[in-house]
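> Residue numbers (this note's numbering), protein chains in the order written: chain A, 156 to 453; chain B, 156 to 453.
Hints may contain errors.
Pairs involving identical chains hold if they fit within one copy or between any two copies, as the list cannot separate such chains.
[As the list claims (entries may be wrong)] Cross-link-like lysine-lysine pairs, in silico, DSBU-like; alpha carbons within 30 Å at most:
hint	residue 1	residue 2
1	265	406
2	412	326
3	412	259
4	425	265
5	201	241
6	231	425
7	167	265
Worth flagging that the hints you see were computed from the coordinates, not collected in a lab.
There are 2 protein chains.
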Amino acid sequence: MRIIRSIPEMQKISGALKRKGVTIGFVPTMGALHEGHLSLIRQSRKENDITIVSIFVNPIQFGPQEDLKNYPRYFKKDVFLCQKEKVDFIFYPQANRMYPENFKTSVEVKELGKVLCGVSRPNHFCGVTTVVTKLFNIVQPAAAYFGQKDAQQATIIRRMVDDLNMPLKIKVMATVRDPDGLALSSRNIYLNRQERQDSLVLSKALGLAREMIRHGQRNAFSIIARMKALISSKRSAKIDYIAIVDSQTLKPVNTVKGNCLITLAVRFGKTRLIDNLKTGKKIGDRSHLFSRVRSSAK
Amino acid sequence: MRIIRSIPEMQKISGALKRKGVTIGFVPTMGALHEGHLSLIRQSRKENDITIVSIFVNPIQFGPQEDLKNYPRYFKKDVFLCQKEKVDFIFYPQANRMYPENFKTSVEVKELGKVLCGVSRPNHFCGVTTVVTKLFNIVQPAAAYFGQKDAQQATIIRRMVDDLNMPLKIKVMATVRDPDGLALSSRNIYLNRQERQDSLVLSKALGLAREMIRHGQRNAFSIIARMKALISSKRSAKIDYIAIVDSQTLKPVNTVKGNCLITLAVRFGKTRLIDNLKTGKKIGDRSHLFSRVRSSAK
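In isolation and in its complexed conformation, chain A is listed as follows:
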């Protein structure tokens, strides 16, 4: 495994591999790797000749009041995990090289980035699409892997790749959870004991929604109301949003049918967590809620 810090060097390596017909699988991350990331790496290794993982805490996707400074950075541990997973290259660029002084360009998916998480994080998705475009151009992958936990991000990136005809495939893999149901996130380490306990209400609320739908409930408002009541019962929980939206347009639906996304963001103390559940004939079967748990001995 090689660690590449230089942007031109990474681009040169990728370009040379591409010209040789080698397929590159790409897992873009902000580091602090957990089993969710590792599931993406494993899928990439299955489907491509070589796998590149980027580790870059992207400053432009954080708001001024957000946790850029405190975002967990465990580079040594990340390197160890990547090595264990037989990653071929870690791309580890510096922020001042990714965004030199006269940087001026942005890539934006209109509308989709302004709803749901975009309401409380207005520039977040523009930061994501801009950095992902840069990383795709540097790494030149045949396929890139993202987690379903960040459902809005996945929808926006798919839209961007389609709209801009980027020559690669986007693969979105199921959310990986702790055995008790909490969706894995690098931010979970911020939670204190009480908050960690209370946060279980998120997967429970999604499970409740799924049960209601299984029993025939199709009214989005009724489902959201029950989820809201359940989540609000936890004292440390402050709901940012709970929504049921079309999974492509991200527009709220009144009636649950087809491919919907039941999605939520809730603060526990200072920590904002997100989680979601896909519904729909095709996608519902693949949602795997609770079906994948973190293997214990890592």
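Following the hints, complete the assembly by docking chain B onto the known chain A.
What follows is chain B alone, placed relative to chain A:
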């Protein structure tokens, strides 16, 4: 020479060529090809294994009051010219495939697109950078060729390619002119006889600026004032702007030194023409004002 209308087919061909290590030179155009375009094609053929020309009148770079409908379209003649120049592929996509109904993504270079031509054409450059990104992703060139006549466009595209780490080189070729000095443009055909005659004042004004600089004048305001007086002497001329700017930041300069751009946009009747001149030690020598003229027997 093959004409490719399908986006996925073009992308497949380019991808396959790239995997074989074939270098692709790319000349994006809106058709109505003239000697300016042909000079780009010839340069591309010199420097690459194969050359792809796109012909696409990009709707999103036209304002609502602009000439999208009337923009000259001479596809058969363009095909003939490309064949003669030994172009390998013409990429000729349809607008409704380039911009399907749910298209939402834009690529924008902030600030640079809002000055000069961006004042009277507020969404123009965002339309240009978005379509150029799409075309680059479809055609996957090693190098793309643009004309210096569209100097602001060239500056913006260079900035975008650098900022987004696009894996290709941008080459900007000297403006090609009619023997009497008028910069070639597909829009020149809109001019009536009087306007065509009056439009010569543009290259004359740039020549005047160059002479003033040669004789030691460095004050931007004095140069602009003389240009303005000269251009205003033509009854059909309505000045949109005359500016002397830094060629990278496009910010106005008070004193002409280093790499500046003397640039202007002037309306003759309904036709808006642009022209420019680069100054500076390095670039000034390559500006070739008046040094390249259209060969007569075409």
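> Please go over all the hints and tell whether each is borne out by the structure.
Hint by hint, here is what the structure shows:
{"no.": "1", "hint": "265 / 406", "verdict": "both (13 Å within a copy, 29 Å between copies)"}
{"no.": "2", "hint": "412 / 326", "verdict": "within (23 Å within a copy, 51 Å between copies)"}
{"no.": "3", "hint": "412 / 259", "verdict": "between (42 Å within a copy, 24 Å between copies)"}
{"no.": "4", "hint": "425 / 265", "verdict": "within (29 Å within a copy, 33 Å between copies)"}
{"no.": "5", "hint": "201 / 241", "verdict": "within (11 Å within a copy, 43 Å between copies)"}
{"no.": "6", "hint": "231 / 425", "verdict": "within (27 Å within a copy, 64 Å between copies)"}
{"no.": "7", "hint": "167 / 265", "verdict": "between (32 Å within a copy, 28 Å between copies)"}
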